[in-house]
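Undergrad: Chains as they are written, first to last, in my numbering: chain A, 87 to 223; chain B, 87 to 223.
You can trust all of the hints, since none of them are fake.
Each pair may be met inside one copy or between any two copies, as identical chains are not told apart.
For lysine-lysine, the following DSSO-like pairs were computed, each having C-alpha atoms within a straight-line distance of at most 27 angstroms:
1) Lys97 with Lys115
2) Lys115 with Lys103
3) Lys97 with Lys149
4) Lys103 with Lys166
5) Lys91 with Lys166
Worth flagging that the hints you see were computed from the coordinates, not collected in a lab.
Protein chains: 2
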Amino acid sequence: MIVRKLQDIRKSDMNVKSDQWESARLLLKDDDMGFSFHVTTMYAGEEIRMHYQNHQEAVLILKGTGTLEDLGSGITHPLKAGVMYALNDHDRHVVRPETDILCACVFNPPVTGREVHDENGAYPVEADLIRVDATVT
Amino acid sequence: MIVRKLQDIRKSDMNVKSDQWESARLLLKDDDMGFSFHVTTMYAGEEIRMHYQNHQEAVLILKGTGTLEDLGSGITHPLKAGVMYALNDHDRHVVRPETDILCACVFNPPVTGREVHDENGAYPVEADLIRVDATVT
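Excised from the complex, chain A in its bound form:
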C-alpha cells in the first residue's frame, strides 16, 4: 500500500511547474499502477493548448471555472467542479481557465514525472529528463 499526502508532494520533486500550470504527481510510472494520478492547477487567464499524442487522459474538475475547446469538433465546453473530460482519441484541445482550475488527472500510459509538454503540447513516451520549466505551447 502506498499512502501519500498532497501537501508533501507539493514540496517534493514530484511537483512540476510551468508558466501555465503546476502538477503534483501522486502516482507515477515507477509505482506500477498502470496509470499516473496527478492533482493539477491550471492558472487563471492562461490559454493552454494541448495534444497528447502518446497518452490518454481523464480530467475531473475539482474547483474553478473556465472553458475547454475541442479543436477537432470545434465545440467549447464550460468547465466547473464536477465536469469530467476524457481525451480518448488524442484530442487536440485548449483550456482557458477563468479562475485557477484545480483538477484530478489520470494518464494512461503513466507518465514518468520527468517529461514535460513538448513543442506540440504532447508528453513524449518514456522521456528522460527534459526541462521541468517548459511552457505548454
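Once you've looked at the hints, dock chain B against the given chain A.
TA: Frame of chain A, contents of chain B only:
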C-alpha cells in the same frame, strides 16, 4: 473526447449504491481508457472492509475524515482531503469514515460498472450483472 457531468452521472445507471457507499462511475471499461474513474462517497459510521483481488486502485480523498487500516501491516492512516492511497498489492484494508468521505478513485483494470463487491470485498474481473445493492462485507 468524452465530456460528462457528475450531476448527470448521479442520476444515471452509472451511479451504483450499496448500504455503505455509493459510486458515480465517470468512465468505465467500455470507454476504452484503460482505467475506470469514479467519484465515490463512503458513508459516515460504516466499517468498509475491502480486498480487491483482481484490481489495483488509487483513491484521493476530496472531502471528509476517517481512517484507513492496512490489514497487512496493521498500520492505520488518518484520512482527510489531500490524502491519496494506492492499493498496489491487492492490499486487504478497512475504511472507517467518521464523516461521509468523498473521493476520486481510479481502477486498473477498469471496472465494467456491472460488478459489485463479492463476499470477499473484491470486484470480480469481467463480471456480468450481479447485484447493485450488495453490501461490502
